[in-house]
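Participant: Now for the letters of each chain:
2 protein chains.
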Amino acid sequence: MTDITSSWNTPRIAILATVTSALTLTLGLLVGRFAISRGGHQNGVFLAGAPARLMDTEDLDVASKIMDGIDPARVEENLRELTRKPHIAGRTADFELVDFIKTRFLQYGLQVQITPYDVLLSYPSDEVPNTVRLLDGKENVLYDSRKDESKLSNAPGVVKPFHAFSPAGLVEGQLVYAGYGRVEDYDWLKSHNIDVTGHLVIVKYGKMFRGDKVDIAQTNGAAGILMYTDPAEFTGMKGGDDRVYPSTWWLPPDGVQRGTVFTGEGDPLTPGYPANDLAYRYKEDDVSLPKIPSHPIGYGAAENIMKHLDGLKVPEDSDWQGGMNISYRTGPGFLVPSWKIQLNVTSRNQRAKVENVFGIIKGNIEPDRYVLLGNHRDAWIYGALDPSTGTAAMLEIARTMGELVKSGDWRPRRTIIFCSWGAEEYGHFGSAEWVEQYVATIRERAVAYINMDVPVIGNDTLHVDATPLMHKLAYETAKKVPNPNPSERAAGRPFVYDTWLRVEPWLDSDKQSKRIPKIGPLGSGSDYAPLLQRAGVTSLDLWYAVDPTLYDVQWYALYHTEYEVFDIYKSQFDKDFEYLSAVARFSAEVTRSLADSLLLPLSPADYSRGLLDILHILDTNHGTVLRENLDNFEKLEKVIKEFGKDVEEFEHRLKTLDSNNPFIARQINDQMVLLERAFLVPAGLPQRPLKKHILFAENANNRYAGSSFPGLGDLLFQIELDPDPRKRWERVRQHFSAILHTIQSAGATLREVSKFMLETM
Amino acid sequence: MTDITSSWNTPRIAILATVTSALTLTLGLLVGRFAISRGGHQNGVFLAGAPARLMDTEDLDVASKIMDGIDPARVEENLRELTRKPHIAGRTADFELVDFIKTRFLQYGLQVQITPYDVLLSYPSDEVPNTVRLLDGKENVLYDSRKDESKLSNAPGVVKPFHAFSPAGLVEGQLVYAGYGRVEDYDWLKSHNIDVTGHLVIVKYGKMFRGDKVDIAQTNGAAGILMYTDPAEFTGMKGGDDRVYPSTWWLPPDGVQRGTVFTGEGDPLTPGYPANDLAYRYKEDDVSLPKIPSHPIGYGAAENIMKHLDGLKVPEDSDWQGGMNISYRTGPGFLVPSWKIQLNVTSRNQRAKVENVFGIIKGNIEPDRYVLLGNHRDAWIYGALDPSTGTAAMLEIARTMGELVKSGDWRPRRTIIFCSWGAEEYGHFGSAEWVEQYVATIRERAVAYINMDVPVIGNDTLHVDATPLMHKLAYETAKKVPNPNPSERAAGRPFVYDTWLRVEPWLDSDKQSKRIPKIGPLGSGSDYAPLLQRAGVTSLDLWYAVDPTLYDVQWYALYHTEYEVFDIYKSQFDKDFEYLSAVARFSAEVTRSLADSLLLPLSPADYSRGLLDILHILDTNHGTVLRENLDNFEKLEKVIKEFGKDVEEFEHRLKTLDSNNPFIARQINDQMVLLERAFLVPAGLPQRPLKKHILFAENANNRYAGSSFPGLGDLLFQIELDPDPRKRWERVRQHFSAILHTIQSAGATLREVSKFMLETM
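Residue numbers (this note's numbering), protein chains in the order written: chain A, 1 to 761; chain B, 1 to 761.
Because the hints were derived from the structure by calculation, they are not lab data. Treat the hints with care, since some could be wrong.
Simulated restraints on C-beta separations [unchecked claim]:
hint	chain 1	residue 1	chain 2	residue 2	range
1	A	221	B	755	47 to 55 Å
2	B	632	A	724	57 to 65 Å
3	A	620	B	170	52 to 60 Å
4	A	288	B	634	55 to 63 Å
5	A	103	B	634	33 to 41 Å
6	A	93	B	637	35 to 43 Å
Partial list, derived from the structure: chain B residues whose beta carbon lies under 10 Å from chain A [what the hints assert, rightly or not]:
hint	residue
7	272
8	284
9	367
10	438
11	654
12	655
13	656
14	663
15	741
16	742
In this text the structure is predicted, and so the values were computed from the model without any measurement. All residues carry an ideal CB built from backbone N, CA and C; glycine is no exception.
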C-alpha cells in the first residue's frame, strides 16, 4: 500500500446506505421471478443442447462451500512462503514469487496470464549508502544516521532505508523542523519569519502522503527533506506501553519507513500509455519526479539530531509536539552555530521489468464479464503485512474456488480474475500500466474490483472503503461471515457485521436511531485507484482494523519497515490466522456474489444517497464561499435530486421487467456497471488528466482529502493561497459545471433505454 | 453538409475489402447455426412466456417489405414540404420544421424525444448588409458586390451571403489573389516577394474547407479574406456548356456559397460539454473563433474586382488560373494605384436555441442497442439538396418502418433512432452537443450510425464513405437495391452495386483482376464526425454521385446558394425521385440489417485489410522521412499484422461458438462494436483533444487530407514549416507510439475473452 493517509486518517465521508432499502426488496422480488424459470429449462428445452444454467439464479450452497473451504492453516502456510525473502519489485525474489503464484494458480486449475512492463524504478546504491550526518563544520562527523539502523539490515536482499525516486545528491546546511510538512506548517513558519529556502527540513510522517511532503518542501524552497516516525504515533507510549518490536507491534527506534515519493501513478516515463516496447519514453527531467533529495530515518536518529536544534520552541498545544524526549524546536541552526546537517542520497533510478500475474476462472454463461480480485505482490522488504497477507488470502480464495470448479460442482456465471500486481509500492505501476494497456477492454467488461492489500492491521473490526454501488453488498456479505473474535462472539455478535456496527457505527442521514457501519470513500492508496479513476470500475478495499477509539495510531506502526516479518504478524496480529481468513471469506463471498448473481448485487440507490451526503459536506465546508462566487451553486442540489429520481424509476422498472429475456437481465446489469463509468469526466480532473472520476480521488493537496469532489477541493485550496484568485474562480466555475453535467448524464444511463434523453435545457 | 472537401476532393484511401471474404462465409455458417434454434422455441418453451423471437435470425421478408415500401411520390412530397421556406438554424422556420418532423414521427407510430441546446450562432445583419466595395480612394464607390446578388435574395427569410462566425469589421486596403488559399499558395507568393500582411486576400473556393482558408490567411497576416466560386469549377464551361441555373444545375454569376468558417465542432462557447443551462460558457474572445473578417462572393462580383488587379501574372500552367474572362494577376494593388478594396462585415454572433428531434422504434429483444440513422435539418436557405433530400428520405424510411411495426408484422430486435440534427451547418452543433451530453450512454449502446446529409448530387453512381467495419454491409446491401438508372438496367446492371463497380472500381490489394467498388474514408464533413471521432460509433455516409471522369466539378455547383430549391432538384437531379428513393432503400436496408441480425453484419476483417492499406499509403507518402527520424517505424507493420492475427482468430472462434447461448451472441456483437471504440485515444489527437479517433478524422490542415493517421499528418505538415523541427519530431515519436499502442490494444478487444492479454512486451 503506497499511501494510507487519505482513506485512514481523514474524516470519513458520510455516504449513507440503508441496508433494508427499497432496492433490496425489489431485487429480492426480482430474483424470485427469475428463479421461477429455473425448473423451466433444466431439461434443456430452451434451445437444443442449451446449458441448463443460462438463466439460473445463483446457487447459495456454493457460497457456504467457498467460505467453509477457506483454511486458516493454508493461509498461514501461504504467508510463510511469501515472506521467506525480501522481495522488492524488479529483483530476483519478486520474479521467484511470480513463478510461485503462477504455479499455485495452475495447480488450482486456473488459466494464467502474465503481463510484463519495462518501467522506471529506484533503488538505493549497494556501494555507497544513503546517509544523514550531523557535522561540526570542520569535516568531523558528530552523528551518522546509519549507526542506528536495524540489525536485520544486513540480511541478504534487505533494501536499506530510502525514498524511491528521490534524486541523488549531497546537500548540506541548516535544518528546520516543519511539523508534518503540510502547507499550513510552512505558513506557520513564515508567520514566525522562518524561511526554509536553501535549508534542509525535517518533518514527521503522518497526516498525508509522503510524496506530497516532498512536493510541498520543494515548493517552499527547501534544499532537501528528512522524514521521521515520531514515537507519539508509532509506539504505545500514550497507552503507557514502552515495549516495542519484537515483544509488541510497536516501532523500535531504528525502524525506518521506506516508501515512494513519486506523486504520479504508473511508470513515470510513459504517462497514459503502457510501458512496453511500443512506448514513447520521456526523459527523466521532463516528467514530474521529485527534484530535491529526500530520506527517511527512525526516531532514534531523529532524536540524536533534533535534540541539538536551536530556534523557536514549538508551542506546547500544537501537533508539532511529539513523543521524543527532547525540547522540540524549529531551527534553523543548531545550539552550536557551526554545526550543519548533511544529507547524501546515492539512490538511482533504473529501468526494470515488472510483471502482473493473473489467475483466471472463465465464466460459463457470461465469460466476457470480469470480476476482479487483486493485490500487489512487491514489498519494500519482507512485506509480511503489506502486501503478503493479501496475497496469502487471495491464493487461498483461488484454491477454494479452483477446486470447486475442478470438482465439477460449480463454475461461475461470469469470469473471475485474480490479480497479483507488480511494483505497487512505487506508485501502482503494475495496475496502472495494465489499465493503460487494456482500458478499452476493461471499460467494456469489468464488473467490479475488490482490493485486499493489507487485510489485517488489527483485531477489532472489519473496515471497508468502497464506492457507493458496493455498500449494500458489503453489508449483506458481512452478515454472512462468522466473527473471528471469540470474545465478540461470546458477547452475542456472531458475524463480522455485528462487531463492525458496534465499533464503527454511522448515523443514518435522517439521524434516526437506526445505525449502520461506516464505509469510507476510496482515495488513491492502492491498486484500486487506476481501476476506479481511469476505467470507472466500481471498487472495494478492506482490512481488519484497530478500534480508533483505543489507539492514537496512524495505520500500523511497522508499516514499510524491515520488521514486517512473518513472526511478528503471527505473534502480534493473528496467531491462528482467523482474522485473515475472515477477510478472505468476506472477499471470496463478495467476489462469488458478483460473479454468480443473475442480477448484479450493486446498489444505485446508495449512489443517490451518497451524492446527497457529499453535497452536504461540500456545503458545510465551502458553501458560503461557493455561493458568493458561483451563481449556480443551487443547481448541484437540483441535479442530485433529479439523479435520485432516475434511480427511483430504475428501481421501479426492475419490478416490471421482462423476466423471460436474458438480454434484459444483461441490460440491467450493464446499466448498473455503467453507472460508475458515467462519473468519469473525459478530460480528467483539473491539471490531472489521468484522474477522471469526478467524485472519488485523492486530493492533489492533502489538506482537503476526504472533502470529495476532489477537483473542486484542489481548486479551492489553490484559491486560498492566491493573492489574485479571479482566474482561479473561472476554473472553479468550469469544473463546477463539469460536475453538474456529469451527474446529470450519469442519471441518463439509468433511464428506460428508449427514453434516456432530457427534453429541457 | 459543412465541409465536403475531405471526403470528395482528395485521393481516396484504398481501404480494401473483399466481398466474398472468409468472414462472410463464416457468418453464413453461423447464421445457419443460430437459425436451427428457430423452430426450437417458437412455442415459447425457452422460458414460460418467453418471446418467441429471442434467438430468431432475421426475417428477410421484412427487408423486401421495407425496400418495396419506400414510395418516390411520398419522398417528393416530403421534399416539397421541407423546402417551402428558408430554414436557417435557430429561427422560426427551423422550429416549424421541428414540429413538422415531430408530427410525422408520431403519425408513424414512433416515440419522439427533442433535445434543445443554447448555442452561439451567427447571422448577417438585417439592417446594414455585408458589402465588398471597390473604391477609387476618394470616397467614390466604383463597384459594390451587392449589385450582383440574386433576385431571390429578397424573398422572406433568405439569408444574405455571409460567412458564419466571421467577426464584424470594416477593413480596407490592397488586394492579393492567393489561389486556393492553401499554405503552399502563400509560400508561392512569398517566393515571389509578395507579402499579404495587412492586405486583403481573395481566394477561390475549393480543395479544402473554407474555415481553414480563413485560418491560413489569418496566420499569414491578412487583414481580411474574400472567397469566390470560380466558373472553371462551378459551371459547365469545360464541357462547352455555358448555360447555368435554372436551365442547368450549374452556378450563375450571382450565386454565392455561404458557409461557416468556424474550424471547431459543436457550440464554440462550451467545448467538450453540452450547451445547456448547466454549462460554463467561455467568452467569445477566449475560444478559437476566426479573428479576421471573411466574406463570400459570386464569380460575377469577383470578375468585376479581379479584372482590375495589377501585379504578377499567374503562371499559365498553374491551378491559380480559372474560368473568368480576365487575366489572373496576384496584386497587391490595382491597375489604378489609388484604388482600394473595402470589406465591411456587419454579421453578428448571437445565442440561439437549436433542437435535435429523435424518432425512436424501440427494439423488442435488445432495446439497449441503438442503430442510428440521421441527417441535419437546418439549411442556409431552402436547402433542397443540403440537407432536405436527406430528411425527405429519412422520413419515408421512418414511415415505412413505423407502419410495419404498427401492423404488428415486425418490430426490430434492436432500437432504431432517427436523428434530425440542428445547426449542423455552423459546425455539427446539434450532433456534437448531443454526443457531449450522452457520450457515456452512446459509447455503451450505439451499434452504428448512418448519415444521409446530401443523398443525391448526381445520377451516375452510389458513393459510400465508411469505416472499414461497414464495408461488407455496404457491398451486400448495394447488391439488393434496384438500380434507379434505366439505361444502366438496360445495360445489364440491375442493382446499384453493378453501376457502382463500373464507375468507381477499385483494385484489390493484391492487384488481382477481381474488382470491388471504392469506399472512401470519413473526414469531418457532416454529423457522423462527432459520433465516430468522439464516441467511436462506426459510421457510413453516402450519396448518389456524378461520375468523376465526366465532370471536373467540386461537389455540386449550387451548394449553399439560394438556388438550392425544390424545382431545380426535381428538374435537374431527380425528376421521378428514383435516385433519392434508391438511396433511401439502401439506408433503410443497412439500418434494418444492423437492427435485426442476431449477429451484427460488421466486418473486423475489413479493418485488418484497411490498416494494411493505410500503412501502405503512409509509407508511400512519408516512409523515407519517418524511417530517418523514428527508430521504430517497422513496428507499425508488426502491430498491424498482429492485429490481423487477432481478427483471424476471432473469425475462427465464430465457427465454434456456443450457438445456444444468447449471452455469447451478445458478446460477439459487443466485440465487433467495441472494435471501433478501441481506435479512440483517450487524450485525443495532438492539439485536438476532442478528436479521438486515431485513424479517421479530417486533417487539421487540409493539405494532407486523406493521408490517414490524421494526427501524424498534422505533425508532419508542421515539421515541413518549422526551421528547427527537433521538438516537433519528439511529438511525432510520441504520437507514433500512441498509434502503435492503440492498434495493439484494439486487437485485444477481439481476443478470446479469458485470454485477452499479451504476455510479451
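Participant: Each hint should be assessed against the structure and marked as holding or not.
Facilitator: We went through each hint and held it up to the structure:
1. Here the CB-CB span from residue 221/A to residue 755/B is close to 53 Å, well matched to the stated 47 to 55 Å.
2. The hinted range of 57 to 65 Å is not satisfied by residue 632/B and residue 724/A, whose Cβ atoms lie roughly 46 Å apart.
3. For the hinted restraint 52 to 60 Å between residue 620/A and residue 170/B, the CB-CB distance of approximately 55 Å keeps it satisfied.
4. Checked against the hint of 55 to 63 Å, the C-beta distance between residue 288/A and residue 634/B comes to roughly 32 Å, which is inconsistent with it.
5. Roughly 37 Å separates the CB atoms of residue 103/A and residue 634/B, a value that falls within the hinted 33 to 41 Å.
6. Hint check: residue 93/A to residue 637/B, Cβ distance near 39 Å, so the stated range 35 to 43 Å holds.
7. Given hint, residue 272/B at the interface with chain A, holds; its Cβ is 6 Å from that chain's nearest Cβ, closer than 10 Å.
8. Checking residue 284/B against chain A: minimum C-beta separation of about 15 Å lies over 10 Å; hint violated.
9. Given hint, residue 367/B at the interface with chain A, holds; its Cβ is 5 Å from that chain's nearest Cβ, closer than 10 Å.
10. This hint holds: residue 438/B has a C-beta 6 Å from the nearest C-beta of chain A, less than the 10 Å allowed.
11. Annotation: residue 654/B was flagged as interfacial toward chain A, and the flag is violated, the nearest CB pair being 14 Å apart, outside 10 Å.
12. A hinted interface residue such as residue 655/B counts as satisfied when its beta carbon comes closer than 10 Å to some beta carbon of chain A; here the least separation is about 16 Å, so the hint is violated.
13. Taking 10 Å as the C-beta cut-off, the interface hint given for residue 656/B is violated, the closest approach to chain A being about 14 Å.
14. With 10 Å as the threshold, the beta carbon of residue 663/B comes within range of chain A, its nearest partner Cβ sitting at about 5 Å, so the hint holds.
15. The beta carbon of residue 741/B is positioned within 10 Å of a beta carbon in chain A (closest approach about 5 Å), and the interface hint is therefore held.
16. The interface hint given for residue 742/B is met, as the beta carbon of that residue sits about 9 Å from the closest beta carbon of chain A, less than 10 Å.
Consistency note: the structure conflicts with the earlier hints numbered 2, 4, 8, 11, 12, 13.
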